[in-house]
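Q: Residue strings, one per chain:
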Amino acid sequence: MLETLQLMGEGFINALTFVNLLAMAGGVTLGIVIGCLPGLSAAMGVALMLPLTFTMPADTGLIVLGAIYCGAIFGGSISAILIHTPGTPASAATAIEGYQMTLQGKAGKALATACWSSFWGGLLSCISLYFFSPLLAQLALKFMSAEKFWLGIFGLTIIAGVSSKSIVKGLMSGALGLLISTIGLDPIIGTKRFMFGQSFLAEGINTTCALIGLFSMSQAFILAEAEIKKRAKASKFTDKITLSKEEKKMLRPTVIRSWLIGNVIGILPGAGASIACFMGYNNAKQFSKHKEDFGHGAIEGVCGSEAANNAVTGGSLIPMLTLGIPGESVTAVLMGGLVIQGLAPGPELFTKHAAMTYTFFAGFVLVQFFMLAIGTLGCRGFAQISRLSDAILIPCVTVLCFVGSYAIHRNMSDVVVMLIFGVLGYLMRKFDLNTAAVVLALILGPISEKGLRGALRVSGGDIMCLFESPVCWVLIILSIVGIFSPFLMSKFEKKVAGVEVPDEELQ
Amino acid sequence: MKMKKTDFGVVGFMYAVCAFFYVYSFDLADGSETYPRFTIYLLFGLTTLYLVQMILTARKFGTESGVDEVFAGFKPLQFFVSLALTVVYFLMMKYLGFFSATVVFMFASLLYLKVPVLHSVISVVAINLLIYLAFVQFLGVRLPAGLLF
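If you read the protein sequences in the order shown, they are chains V and B. Going by my numbering, the first residue of the first sequence is number 1, and it counts up by one from there. Going by my numbering, the first residue of the second sequence is number 508, and it counts up by one from there.
You may find that some hints are simply not true.
Claimed, not checked - Here are the simulated DSS-like pairs of lysine-lysine, each with C-alpha atoms no more than 27 Å apart in a straight line: (1) B:Lys567 to V:Lys229; (2) B:Lys509 to V:Lys165; (3) V:Lys248 to V:Lys285; (4) B:Lys512 to B:Lys621; (5) V:Lys430 to B:Lys567; (6) V:Lys229 to B:Lys509; (7) V:Lys229 to V:Lys450; (8) V:Lys229 to V:Lys245; (9) B:Lys582 to V:Lys430; (10) V:Lys289 to B:Lys621; (11) V:Lys430 to B:Lys601; (12) V:Lys142 to V:Lys240; (13) V:Lys430 to B:Lys509; (14) V:Lys165 to B:Lys621; (15) V:Lys249 to V:Lys192; (16) V:Lys240 to V:Lys289; (17) V:Lys192 to V:Lys106; (18) V:Lys245 to V:Lys285; (19) B:Lys621 to V:Lys430; (20) V:Lys352 to V:Lys106; (21) B:Lys512 to V:Lys229; (22) V:Lys192 to V:Lys240; (23) V:Lys430 to V:Lys142; (24) V:Lys289 to V:Lys229.
Hints listed in this document are in silico derivations from the structure and should not be mistaken for laboratory results.
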């Protein structure tokens, strides 16, 4: 206990260095810009910025990525409130009440509510991050080879099942990713596999190139195929971006309820911020003393939605950091960032790399303060950025994809890999396959393979070794539940909000 | 919901991937082919399951082309020109160098997409400056040099 407190304290000291503070400010600003642009998603933004974190220390790199994540989730609310177009699906519910407030000349109030609620949602979510992560990591310590194999399978079934329109297509995407992950040198005996005479494939498909291609380059192609529409002009507003003491007091219970909802949703693999925002919104409506205001610019509606979607951020990091199971696209990309730094999700993050992990946690707390400050002060500027045309975004994103993938090993082979995955990602998205499952499979594939072959080696080739321990059975059952979770989730969504989650969240 | 004929493309692609890797798996060393074969069988099984699902859906609800849904709002000329410009950008980089190729690519793309000249100039300058500061100065990446610089 004392040791944990000491690590927490040291984490804050490390996080408060000038470089880390600069990283937080830069990451949050970038995240808000990405979030408020309706053509870009949080996952895409984090993927695009991964190469910038290569040369940074692991904690600073993760802080930047975490800051982009938080900033993007909040940033979506700006365009949702001002132009009635959610920047990210996580702000879809915010648009309902937020835009009504804008029409009534209360845009400043709506933005202040979004900022303040996002801040508290994100900040409170850090409590569970601090509390549950070490506990779950201790559980992961008990995992041997067979359990690691099933853990990989569980992670894939969750993301393939939940994030796809068709479960079988999601699983097919995961299997395709597993197959692609076998390209390169054999991890056990070191012989060449599917390298086709290309020496740059020895280390396998570079995860970062694949990430940039699947999430960012494919998005440029998606934008390029559609008609370039002129964005609605962001409403000019003159009212102050502040909340009165009475308003804050009134919103407090909504924040707390939405925090709890968002946190639980975040921890559950598969459920994301887009579900949380509708649940938070609906919950705020249920408990409101002014139900008649909903649909006509209810401040509590904006608060419920925004506190819930930002409360997801801290919660969603827990299964990713401790078990290596990202519940949605953004955390899958963040896991890629972790792997790039040479770190593996799991117990080691809380033992061998505890100092780095607690610095990241502290940074995640401080990021919320930056989000509040930059969000409040920069709202008017971000509102103008949200109008940026897709015609400008297409070449800009393409250039950033090129330079990002080139910077990894400083060779054009990586750019070729990125382009191939860009085309693959585009086609996958067109045909409702799941790009996040491919990324996760690329990361989990080698872990699962080592687990499977390790277990078979120890047992002398007896496949029954995969079914011996109770933990294996728990993971098998969870995998089966993971496959069927979309049915439960869709029923849950319909029951809660009567709406479908926008497809962009799935990508 | 009707069965989409476009999904035959998905099934065909997956089978082709399985066949391709299966053939090459015979070249792998002993012991090294176990896991790739496992993933090939898994992908093959799931694809077959999806095909069965498609056939059952077709029998129950009928079929539809699916093209209209998959390519809703698709602007072929704009898409293929953008794709071609991307490929040309990649090829240009080797001869012109990164920054020169980027300027040419961005201007060509922005003008084709009818972005006003002033906005185009600002975008090109901003992106090049951002890349220079972030990648060249901050990360110390030596970007491909060409005829000019």
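Q: Are the hints correct? Go through all of them and say.
A: Here is how each hint holds up against the structure:
1. B:Lys567 to V:Lys229: violated (39 Å)
2. B:Lys509 to V:Lys165: holds (14 Å)
3. V:Lys248 to V:Lys285: holds (17 Å)
4. B:Lys512 to B:Lys621: Status violated; Cα separation ~36 Å.
5. V:Lys430 to B:Lys567: holds (25 Å)
6. V:Lys229 to B:Lys509: Violated, at roughly 31 Å.
7. V:Lys229 to V:Lys450: violated (49 Å)
8. V:Lys229 to V:Lys245: Given that 27 Å is the threshold and the Cα spacing comes to 41 Å, the pair is violated.
9. B:Lys582 to V:Lys430: Given that 27 Å is the threshold and the Cα spacing comes to 14 Å, the pair holds.
10. V:Lys289 to B:Lys621: violated (51 Å)
11. V:Lys430 to B:Lys601: violated (31 Å)
12. V:Lys142 to V:Lys240: Cα-Cα ~54 Å, so violated.
13. V:Lys430 to B:Lys509: With Cα atoms ~17 Å apart, Lys430 of chain V and Lys509 of chain B stay inside 27 Å; holds.
14. V:Lys165 to B:Lys621: Roughly 35 Å between the alpha carbons, so the hint for Lys165 of chain V and Lys621 of chain B is violated.
15. V:Lys249 to V:Lys192: Not OK: Lys249 of chain V and Lys192 of chain V at ~64 Å, beyond 27 Å, violated.
16. V:Lys240 to V:Lys289: Cα-Cα ~25 Å, so holds.
17. V:Lys192 to V:Lys106: violated (63 Å)
18. V:Lys245 to V:Lys285: holds (21 Å)
19. B:Lys621 to V:Lys430: holds (26 Å)
20. V:Lys352 to V:Lys106: violated (50 Å)
21. B:Lys512 to V:Lys229: Violated, because 30 Å separates the two Cα atoms, which is more than 27 Å.
22. V:Lys192 to V:Lys240: violated (63 Å)
23. V:Lys430 to V:Lys142: It is violated: about 41 Å lies between the C-alpha atoms, which goes past 27 Å.
24. V:Lys289 to V:Lys229: Answer violated: Lys289 of chain V to Lys229 of chain V is near 40 Å, above 27 Å.
The structure shown violates the earlier hints numbered 1, 4, 6, 7, 8, 10, 11, 12, 14, 15, 17, 20, 21, 22, 23, 24.
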